[in-house]
Amino acid sequence: MAQATSRSDSRRDASDVVVETRNLSKVYRDFWGRSKKTALKPLDLDVRRGEIFGLLGPNGAGKTTTLKLLLGLIFPTSGEALVFGRAATDVSKNERIGYLPEESYLYKFLDAEETLDFYGRLFGLDPDERRRRAAALIEMVGLTRDRKRQLREYSKGMTRRIGVAQALINDPELVILDEPTSGLDPIGTREMKDLIIDLKARGKTVIMCSHLLADVEDVCDRIAVLHQGELKELGRVEDLLRVTGVTQIQATGLSPAAAAEVKAVLERHGAADIDIGNPRTTLEDLFLEVVRDTEARPGRRARRTESAAPRAE
Amino acid sequence: MVLEQEIPRFASWIGLAFLQYLAAAGVAAVVAALLTWLAQAIGNGPLAGGDRVYRGVLAGLADILATSPRRVWALARLAIQESLRRNVLVVLAMFALILLFAGWFLDPASVDPRRLYVGFILAATNLLVCLVTLVLAVFSLPADIKSRAIQTVTTKPVRTAEIVLGRIVGFATVGTCLLAIMGLAGWAFVVRSVSHGHVLDAADVFDVTDGDGAVSGAEGRTSLDRGHRHRVVLDGRGGGVAETAHGHRHRITVTGTAASGERTYAVGSPLGLLEARRPLRGRLRFLDREGRPAIKGISVGAEWSYRQYIEGGTAAAAIWTFEGVTPERFPEGLPLEMIVRVFRTYKGNIEDGIHGTIQVRNPTSSLRSESLPIVAREHTIDSLLIPRRINTVMADGSLREVDLFTDLVSDGRIEVWLQCLEPAQYYGVAQADFYLRSGDGSFAVNYAKSCLGIWYSMLICTALGVMFSTFLSGPVALVAALATLLVGQFRDFIARLFTSQVTGDSSIVPGGGPIESLYRIVTQTSITLELDPTPAVQVMKVLDTVLLAPMRLAASIFPSLASLGTSDFVAGGFDIPGDLLAAHGAETFGYVLACFIAGVFCLKAREVAS
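Chains A and G, in that order, are what the protein sequence lines are.
In terms of this note's numbering, the first sequence opens at residue 1 and continues consecutively.
In terms of this note's numbering, the second sequence opens at residue 1 and continues consecutively.
Among the clues, some could well be false.
Sample of chain A residues facing chain G (criterion: CB under 10 Å; computed from the structure) [unchecked claim]:
id	residue
1	Arg29
2	Leu71
3	Ile74
4	Val91
5	Ser92
6	Tyr105
7	Leu110
8	Gly124
9	Gln150
10	Gln166
11	Ile176
Derived by calculation from the structure, the hints in this document are not laboratory data.
Note that the Cβ used here is the ideal one computed from N, Cα and C, for glycine as well.
Using the sequences and the hints given, assemble the complete structure.
Shown next, in the form of structure tokens:
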């Protein structure tokens, strides 16, 4: 019975894994086959259904390379990437994926409606469905008034928004966003983050990469920090930002005289809303620490345990 | 028109052509696989390299087999939209400009206006359509890769085969629309340009009387228009024809009588100018000056051996044997049409043609008709109706009237003998120069058939452009495609040059291969001069052979757009044979398929996002 339960859990776990990479690496070579740049060192990752997974790292860390490998846009030097259990180079997986590239690489000679119609056709949507989805998405991204303008006339923010719309035209199960808030103003950034959270609420899995720390911190459930093509940190945002070995006491309504007292003293003085726990650092601090640490001591960084993660790496 | 090779029946041609195609495609595929394996083996080892090639081939084939027409059309629509937004229609304005300038510069007084106008318009259409689709095709995919728009396409459920085929279909659709518009405009331009009239004034018409002094008709001449006038022959009622000049004639009718009592005439539109003759061609053989069978006629020293010559005033003859000659097909007799070239060893009266005779003979009984006189005029198609009732020469030299089909045709076969009567003058003929006109097709349909030939060329340009663009940048792909077409254009020459090099027979192509040619240029040695067989010359010849071998291979598989062209038929006034169009269609399909498959594998092997 115990064995059966274990197998069932294992199957559920396996079906929950949307993206899986094993020893995935990428080395760019020149014409003569000589190694030019190691973009990604062997990477092991699992992304589970329904979560928002962030790839974080400075420019050139290997974030976009990882996404391109997952999408089959480039071929791995070694290892493998599986998406929905299929090889990343298997075109059929794309039926369930929506992808927003870093700079919304779209056809500038099309207008918004034509763009969505074109991508809808690639998914084999029938004409009525294409029209319905295109209208809804154009309204959702706030381009109704500009839907007949060619994309060459769009501002960067508008291009970004139509890029999001094309990524969602097939109502994907997995949404891959490369720098989703890049080029957006604060309001647009907020709307984008709301959209990502909404996608999660609708059961979608989201993988996003960004170097904007606040964006990642705000929306991601789990993150992987990459630097110089290597995985440096992986885990739940909550866990990664918790500072262990330090106890933080927070209180409200506490008089200055009692500030020197420890918890027992506070209770004796009748203070309310006493909170004892681990203080948090910010993601920005963590990020900078990783970068500094890597530069000071090149090589693989000792990882934290993913204590609160649903499944250990 | 020149027809250097006989047009085979499609049904008998396609089998061997298909086998040759399979062999060439097989060799090309094996060579490509070996090169890929070699490249992979260097980086990954021979086994892993082989495994990658094997997987790549399987994935490519699976890709091609799983191609979705809906996605292909979606990508084709994108290519069409791209072309339109990039103002491809400007080419129509360019074509309109060409027509305007053509109206200024083409001489309507030309001896052969149909050849001039049809040839020019079809050549301009061909050039513009092929060039536009080629440029569109070579720059589109590299631009997508450069702008990375390809990434948003390849991350959709789109197969590589669909990307390649979608572009071919899209740009071919654009080319087809351009061709349709240019074809229609060109046809209207040709019809309007060659159309003309003449005036027949009563003052230019003179009565003709018979032996009794009665007026039997009239003769005269039309006004001089477009550089020519016609001799007019009228019957007793005043109607008649303006005889053939500049390849056409006119019908003349009486429209009334003027106040002065003279008749007024109307000259109709040109007849025989826009036609599509359907020839029944025969096989040609020769007799030498003693009347003995000869494989060839006489070479008069011209470099081009298309036409062979027979000597005048001797027993030399050119004999055509026609098959399928039946009274049902030719109820009025045999409408023989011929082009006879002349080689003069003395000038004589240059205004007069060279006299000769035509006879028809029964190939079995050797019964022959009396000699029918002809006068060979250069550059014109002469016609001669051999009547149903015709005099034959009996053994005693007497004449007896016989029925053409009963007595001179044997099992549908009949011979036509041509002889030149003037000593020391020569007639030059080729097999295609004599034919029986078995009917006429529509000029408009024939023109459309020629546009179909242009369409084939356009398809090959498009497929070739897309194929090169899958692995080269736009400008390089354009150069590669043009170079391929250029080599294809000279494929016959390269084949002959290679044969000449291998057999050592310098008469096939004098001057040798590339290195020998360079040597001759530098040393200013004539191509007709044999080089001394020194060791250096021998080495040079061996190197030439080595260099020519891959060129010969490339030339045998590269497309020749010139061979797909059929404008000569239309310009010459001949119907384009269906067998020829079908063969060209099959050839085009073969090239497009090969380019498509090659394009799929090249693009699939490429990291479009790297």
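Now for the hints, and whether the structure bears them out:
The beta carbon of arginine 29 of chain A is positioned within 10 Å of a beta carbon in chain G (closest approach about 8 Å), and the interface hint is therefore held. Because the smallest distance between the Cβ of leucine 71 of chain A and any Cβ of chain G comes to about 5 Å, under 10 Å, the interface hint for this residue holds. Given hint, isoleucine 74 of chain A at the interface with chain G, holds; its Cβ is 4 Å from that chain's nearest Cβ, closer than 10 Å. A distance limit of 10 Å between C-beta atoms decides the matter here; for valine 91 of chain A the minimum to chain G is near 5 Å, and the interface restraint holds.
Hint status for serine 92 of chain A: holds, given a least beta-carbon distance of 6 Å to chain G, under 10 Å. For tyrosine 105 of chain A, the interface hint holds, since its Cβ comes within 10 Å of a Cβ in chain G; the closest pair sits about 4 Å apart. Taken as an interface hint, leucine 110 of chain A checks out: its beta carbon lies about 7 Å from the nearest beta carbon of chain G, inside 10 Å. The beta carbon of glycine 124 of chain A comes within 6 Å of a beta carbon in chain G, closer than 10 Å, and the hint placing it at the interface holds.
Interface restraint check: glutamine 150 of chain A against chain G, minimum CB-CB distance 8 Å, threshold 10 Å, status holds. Below 10 Å, beta-carbon pairs count as interface contacts, and glutamine 166 of chain A has one with chain G at about 7 Å; its hint therefore holds. Hint status for isoleucine 176 of chain A relative to chain G: holds, with the closest Cβ pair at about 8 Å, below 10 Å.
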